[in-house]
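Residue numbers (the working numbering), protein chains in the order written: chain F, 12 to 418; chain S, 418 to 917.
Please keep in mind that the hints were generated in silico from the structure rather than gathered at the bench.
Wrong hints could be hidden among the right ones.
Said to hold, decoys possible - Just some of the chain S residues that point at chain F, by a computed CB distance under 7 angstroms:
hint, residue
1, N649
2, G652
3, L653
4, N654
5, D849
6, T886
7, E890
8, A894
9, R896
10, S900
Said to hold, decoys possible - DSSO-like, lysine-lysine: derived pairs with alpha carbons at most 27 angstroms apart:
hint, chain 1, residue 1, chain 2, residue 2
11, F, K112, F, K249
12, F, K288, S, K592
13, S, K841, F, K249
14, S, K592, F, K249
15, S, K716, F, K288
Here a beta-carbon is modelled for each residue, glycine too, at the ideal position from N, C-alpha and C.
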Amino acid sequence: MDLCETSLSRRAVLGTSGALFAWAFMPRFAFAAGGRDARFVCIVLRGALDGLATVAPVGDPAYAGLHGDLALSLDGEIPALPLDGFFALHPSMPNFARLYKAGQASVVHAAATGYRERSHFDGQDVLESGQPAPGRTETGWLNRFLAGLPAGERVASAGALGVGPVAPLVVRGPAPVLGWSPAVLPPAGDDLADRLVALYAERDPALHRMLIEGLKTEDLIAMNGPAIRREGGPADPKGMSRTALGAARLLAQDDGPRIAGLAFEGWDTHANEGGVKGQLANRLRGLDDAIGVFAGTLGPKWRDTAVMVVTEFGRTAAINGTRGTDHGTGTVVLLAGGAIRGGRVIADWPGLSDAALLDGRDLRPTTDVRAVAKGILADLFGAPAGYLAREVFPDTAGLSPLRDLVA
Amino acid sequence: MSDDRAALTALCRFGLGPRPDDLARLRSDPRGALLDELARPAAIRLDDPQLPTSQQAIARYAAHQRVVSRARQQRAPGEERAGATAVALRGEAQPGMAAPAMGGGSALSGKMSAETAPPGMTPPGMAGIGAGPSPDVPLYEQEVAARLIRVHDALVGFTERLVMFWANHFAIALKDGPVRSAAGPFEREAIRPHILGRFADMLKAAEQHPAMLFYLDNNQSIGPTSNAALKNRRGLNENLAREMLELHTLGVDGGYTQADVTALARILTGWTVASADEDALHGGSFTFAPVRHEPGEQKLLGRSYPDDGVGQGEAALLALAAHPATARHIARKFAAHFVADAPPPALVERLATSFRTSGGDLGELARVLIDSPEAWDAAATKMRSPQEFLFAAVRLTGKPDQLKTALGQLVAMGQPMWNPGSPKGYADGSDDWLSPTGIKTRLDVADQIGRAAGATEPLALATAAFGATASEETLRAVRRAESRPQAIALLLMAPEFQRR
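The following block holds chain F by itself, in its conformation from the complex:
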């Protein structure tokens, strides 16, 4: 294996073409997180996660009736994992349950963005762009957060990590984005790559930047363990944990990225959603494995890590006519990591009675996902509230960051 040669040669090329990430903008706020060298991972679940099936309000008198024979219960054949007496976790998530017990995982329930229609794609755009309404999708909120950090600051200097053949919108924008996805093809030779870098340098700045970042990321991964080959796509449970492994390996490095955005798919369970077993159960297992991989791979860095799992909106409270659920509103945000003040389900619970449901069909949201994200960015990185309300989540001055999520 000629990994060393590969890396050396590429670094030589990078050396002549200047800094890996040129910082083209001015710092907008002073960095004030003290001595903590924190990591933040945002996992976007595309397709709208059924929050009531993930963290079930088993103590709510209306829940079992609404979710019918798909409802989780504490005394079923495969019992749900009790969290706090009112809420119970899907049995496919033992890693999350273990972290919850250890005080390293929390749930925010009845959460939603400010978006109140039911289009996946607009909902995802709002969730990932951080904008108050659909239609502005040039940049993601996590990237704008990075772009506001002081030049040379260690969180900013390594850029964000966007995982997958197409980087999730949440990390796209002016700040540099490292890209990585599990390998499918044998890599092209180093000499060829060097020649193409030279050609792009002369002809196409955008392609040049992308190619350099792609090569650099591959080198970083290769230096820290055996190659990670693709096993299944973003909707496959195995694909989720492979993806998490690559992201975790990069985040674990001292000079690697501090911020990562991942997207897992396949949560749009309109038909045959399944209960303790079935398609949703399988995907939750994949998500849980991915969280377990982060916890296991980040080593000492896990202590200062926050993983935030979000989705565009929830699903109908009642099972529909095809043993699934249609597009809804309120759902869960899952938080995990050594930096999370865990062991809590944070919810201003609206209830599931007919009168309590939004539009007579959805879990009514009582917490804004943006308040959760703002709280974590504020407490983990010291980001000032003004910057968060203006640049990261525009027009949210009236929406206070949810504090004390971070230990």
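Given chain F's structure and the hints, the job is docking chain S onto it.
Showing chain S alone in chain F's frame:
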């Protein structure tokens, strides 16, 4: 120089890129070449007696499933439930996406292995319990093979690009065996016949196609007060109705409400696929099941639709096709796909007007694009999608003879055939494909293709690909490459080849 530029615009912006002799052929009359291709029906349809209809494909898959389930029952009568779970789990399992070995792959007509199966695909031999390999995999690979040959043989490729555009507009994904079996037939039956016809006809053909009904769950949707609902507790599923309004017709800002979604879902109840297990004659084809249809009048977008069975939905589809919001939605998407991510407003307006005044004549829409100066003048900034890139490379370097390799390359670049991550279809913007890992993966693909095409003279290929428009830097990189494969890979990765 200017002649080369216009010919390359026809070949790359409208078409799928030049084969070695195409640039010379199109130089005298690029616009005429596009119109000429539109006038050849044989170039649009893909009728191959070897390829089964969707009905045949679905029936074949269902027959295989029957054998599997019978074998399972006979083998372990007491463990039926456990067996079913095990198979379902294996069905979910992903085949390893190992690299397709160069030269070791099978020919286009041959078998595809699990390694290059697109996401969600059951590897051959996994699903059977003494029932042989599941037929959905070979059906899919046979369709992709036919498509790759067509892509190579197309004179310019404008009609193929129209097929790709409309198939992505009415996107389906390979979520299970029935859709996998019917994915290729969907494009041949619901899309191709209508790319130069009327939008309303394509809309009806797509929404009534078994692949779409399976993919968006309408085969399971039942009117809440229909006779079928009285017998079991199943009911409405609004998946197809919502995506039809949001993605296929009006667009997300087209002015509909949740009440419209629910009303359309009710209107569409009963639109299903005849069971191949119960109906030997019609099984696997579209059918209207009155017993599942929600009785009564429905109100959609302010207009009442009396209940006349399947006609209620067909009337609703006609109104959606004729809605001004649909014209705007389609015009913008069409211009953004072919010309630029932020298309010139005048072009969008012209296309929308054509769509409205012609009653959704898609041939007219294509001709308006050809006649629009913006389509010829706009700079080539848009990134080719992975499929466009691979097809252009295949056309330039020769016939694809490695199906397995091509499938693996498309999976690696994030755009396998007929398998986007959502009903929205594959992303269409440059920013979506211009990512570090995306470009790095294209380089790996170009490397493979360069090695496979190694005997070709690179500078001749550069002339065939770019004519007089190649940049000095690209020509120099090709000339100075250390080997022919490397030169070809550089040519394929050059900005001139990546953007259109």
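Practice item. Identify whether the interface hint at S/L653 stands, where standing means a beta carbon of chain F within less than 7 angstroms of its own. Key: Cβ of S/L653 sits 5 angstroms from chain F, so the hint holds.
**Study point:** Interface hint for S/G652, Cβ within 7 angstroms of any Cβ on chain F
**Key:** holds, 2 angstroms
Point to revise | Interface restraint verdict for S/D849 against chain F (beta-carbon cut-off 7 angstroms) | key: Constraint on S/D849 satisfied, holds at 5 angstroms.
Practice item. For the pair supplied as a hint, F/K112 and F/K249, confirm whether the alpha-carbon distance does not exceed 27 angstroms. Key: Holds: F/K112 and F/K249 sit about 25 angstroms apart, inside 27 angstroms.
Point to revise | Interface hint for S/N654, Cβ within 7 angstroms of any Cβ on chain F | key: holds, 4 angstroms
Point to revise | Per-residue hint verdict: S/S900, partner chain F, C-beta under 7 angstroms | key: violated, 9 angstroms
**Study point:** Interface hint status, S/N649 versus chain F (Cβ within 7 angstroms)
**Key:** Given a least distance of 9 angstroms, the restraint on S/N649 is violated.
Review point. Holds or violated: is the Cβ of S/R896 closer than 7 angstroms to a Cβ in chain F?
Key: violated, 12 angstroms
Review point. How about S/E890: closest beta carbon in chain F under 7 angstroms, or not?
Key: holds, 4 angstroms
Review point. Taking 27 angstroms as the top limit, are the C-alpha atoms of S/K592 and F/K249 close enough?
Key: holds, 17 angstroms
Review point. Quick one, are S/K841 and F/K249 close enough, alpha carbons at most 27 angstroms?
Key: holds, 24 angstroms
Check your understanding: Do the numbers back the hint for S/A894, that is, is its least Cβ distance to chain F under 7 angstroms?
Key -> holds, 5 angstroms
Of the numbered hints listed earlier, those contradicted by the structure are 1, 6, 9, 10, 15.
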